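K.L.:
Sequences and hints are given; from them, build the entire structure.
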Amino acid sequence: MDNIQVSVENLVVEYKTEHGNVQAVNGVNIQVKKGKTLGIVGETGAGKTTTALAVLRLIPNPPGIVKSGKIIVDGEDISGKSEFEMNKIRGGIVSMIFQDPMTSLNPVLTVGDQIAESIGIHQGLSRKEAMKKAEEMLEMVGIPGYRSGEYPHQFSGGMKQRVGIAIALSCNPQLLIADEPTTALDVTIQAQVLQLMKSLRDQYGTSMIMITHDLGIVAEVCDDVAIMYGGRIIEQGTLEDIFKKTKHPYTEGLFNSLPNLANRTEKLKPIRGLMPDPARLPSGCVFHPRCLYAQEICQSRVPQRTDFSDTHMVCCLAYEEGTNIEVKGGGRIV
Amino acid sequence: MAKYIIKRILMLIPVIIGVAFLVFSILSFTPGDPIRIILGEEATPEAIEQLTMELGLDQPLVVQFFRYLVRLAQGDLGRSYITNRPVFGEIMNALPHTIELTIWSVAIGLVIAIPVGVISALKQYSLLDNISMVITLIGAAIPNFWFGLLLMLLFSLTLGLLPSSGVGTPLHMILPALTLGTTNAAIIARMTRSSMLEVIRQDYIRTAKSKGVGRGKIIRKHAFRNASIPIVTVIGLQFGGLLGGAVLTETVFSIPGLGILMVNAIRQMDTPMVLGSIIVFTILFCIINLIVDLLYAFLDPRIKAAYK
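Taken in order, these protein sequences are the chains called A and B. Under this note's numbering, the first residue of the first sequence carries the number 1, and numbering increases by one thereafter. Under this note's numbering, the first residue of the second sequence carries the number 1, and numbering increases by one thereafter.
By construction, these hints were calculated from the structure, which means they are not laboratory data. All values derive from a computational prediction rather than experimental measurement. Careful: at least some of the hints might be erroneous.
Unchecked claim - Partial chain A-side listing against chain B, Cβ under 8 Å, derived:
#, residue
1, LEU56
2, ASN87
3, GLY91
4, GLY92
5, PHE98
6, THR103
7, SER104
8, LEU105
9, ASN106
10, VAL108
11, GLU117
12, SER118
13, ILE121
14, TYR151
Claimed, not checked - Straight line, CA to CA, 30 Å or less: simulated DSSO-like cross-link-like pairs of lysine-lysine:
#, chain 1, residue 1, chain 2, residue 2
15, A, LYS33, A, LYS244
16, A, LYS132, B, LYS221
17, B, LYS217, A, LYS128
18, A, LYS128, B, LYS221
19, A, LYS67, A, LYS81
20, B, LYS123, A, LYS67
21, A, LYS33, A, LYS70
22, A, LYS133, A, LYS36
23, A, LYS269, A, LYS244
24, A, LYS70, B, LYS217
Beta carbons: idealized from backbone N, C-alpha and C, even for Gly.
P.N.:
Here is the structure:
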């Protein structure tokens, strides 16, 4: 398929811990189409960041090991590539924006230097040319170019994240992975940063993976959505599939946890319980202890994938033959 | 920055006055009479009285102290009670030996310890890491005068490779510098390891990796500079300890440095010599501290911003 930028096939990642091996990601399949944005949504600990780091082969080892799975970037399997070859992909073809801008920039190097470093590596420019390009990148993300000689501590959180964006976009990557890029920022700054990312993405036609737990961000920037829970993708589809034809009880729960702005006095309906400890995932369907519709069978049988259309799939026993589970689902508009 | 340096140098003045006062008081409370030591037990009362007047020892302590300060401000450290030669000249003869010894031992520490620490951190829990951590633990625990004697036994007496005492050639410096430097090198190696381990887990290292920066450059450019701040602190503190430790090492290896000069002066109640050498030690220590603080600013722009 020519229009696929990145596909992850059957990815399994384990972390070694004192309490034995923990499966952080368990058989994840995702595809990002060229020029499109895929949102990966889930709570903390669902395996979103691990999936993203796997695409860059940056899972810290030890303790993390990729047990199986293929990662295909622009038609090429990167699993067997040497570190030297990977370093051409990192930052050049696939780049990443990290969650916490406060700690993601090196405190002892100027921001200009940190942007220019990437440019120097991937575009083979001289130091002077790279610095000039770095200033242009700063201007592009709305920071005056003359500030390239300043250090990260001289910038606010929102500005630092803009620097992070400038670093990530400096070599016109084909795929940009944004790992909760606005989580650490003030709400007012979040909108600005998101807007900036959107406009740059559209300007360069970059494909994007947007990792978030915020369905509002998903609605604003994503074309496709994958909902992750307990290291698995439990529902996947286009934005419309997920928002208007919600199938999985967990997805439904996520929507119900959003505040209703039309009726502000209404109480929130959070999903009961907590995300399970990845070291002790429940049997059967991993979501069953928290599911409003769970039946006995959910404790023992692992749900398989059910396809509703070419784009929309869900893993829930309610949609499988021979189970008798009622779910409300469907027809939600935010 | 220049303003900061000037401020720090001016701050030396109260420090020196304070140190001089402390030493002055301690010496005056120490049992023993310098006059008796100078003139011997059979001196006549007249001679004693005359010398006491000459040296100003008949004056109250406060007056003696202020007289000393006034002369100090003029750059005059006085004359030795024992040799009657200018204290300043004696110190200047001894000081180069001590500085040479200190610099050599720090150099040994840096050249060996930092690479060992960095490699141990990068290969954490490997055989290499375990071996070097055991060796550094032993190195840090060995009393250095005893280690000096062992080195002397092996390399001078048994193998006859290196001179056991005295000064003159770079060969003379090897054993004393090893003696003095081993403990510090061991501490620097362990410090470097733990500091590197902490830094290579930071988010900004991951950012650098995600940009496609090669491993070597990540270590040199991104990790080591951040990791070096606590290492510089330790080295700065060690310099002070080295000057003191030099006293023992100089004694073991008969190096005519400041340490020996000072110990002898204390033994002979040679007040001007003791005061002079302690003040020189103080100034050296403060200058090294200042250099360390300036290094911080060079290494970390956040600290530089705080130096106003």
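K.L.:
If you draw a straight line from the CA of LYS217 of chain B to the CA of LYS128 of chain A, is it 30 Å or shorter?
P.N.:
Between LYS217 of chain B and LYS128 of chain A the Cα gap is close to 19 Å, so the pair holds against 30 Å.
K.L.:
Below or equal to 30 Å on CA atoms is what counts here, so check LYS33 of chain A against LYS244 of chain A.
P.N.:
holds, 21 Å
K.L.:
Does ASN87 of chain A meet its interface restraint, that is, does its C-beta lie within less than 8 Å of any C-beta in chain B?
P.N.:
holds, 4 Å
K.L.:
Report holds or violated for the interface hint on ASN106 of chain A, using the least CB-CB distance to chain B and a cut-off of 8 Å.
P.N.:
holds, 4 Å
K.L.:
Could you check if SER104 of chain A really has its C-beta closer than 8 Å to a C-beta on chain B?
P.N.:
holds, 5 Å
K.L.:
Given the hinted pair LYS128 of chain A and LYS221 of chain B, is their Cα-Cα distance within 30 Å?
P.N.:
holds, 18 Å
K.L.:
LYS132 of chain A and LYS221 of chain B: Cα distance at most 30 Å?
P.N.:
holds, 21 Å
K.L.:
Per the CB criterion, is VAL108 of chain A less than 8 Å away from chain B?
P.N.:
At 5 Å from the nearest chain B Cβ, VAL108 of chain A passes the 8 Å test, so the hint holds.
K.L.:
Closer than 8 Å between Cβ atoms is the bar; does GLU117 of chain A clear it against chain B? Give me holds or violated.
P.N.:
holds, 6 Å
K.L.:
Hint PHE98 of chain A vs chain B: min CB-CB distance below 8 Å?
P.N.:
It holds, given that the least Cβ distance between PHE98 of chain A and chain B is near 6 Å, below 8 Å.
K.L.:
Could you grab the alpha-carbon distance between LYS33 of chain A and LYS70 of chain A and see if it respects the 30 Å cut-off?
P.N.:
holds, 17 Å
K.L.:
Under 8 Å is the threshold here; is the Cβ of THR103 of chain A close enough to any Cβ of chain B for the hint to stand?
P.N.:
holds, 4 Å
Violation of the numbered hints given earlier is absent; every hint is satisfied by the structure.
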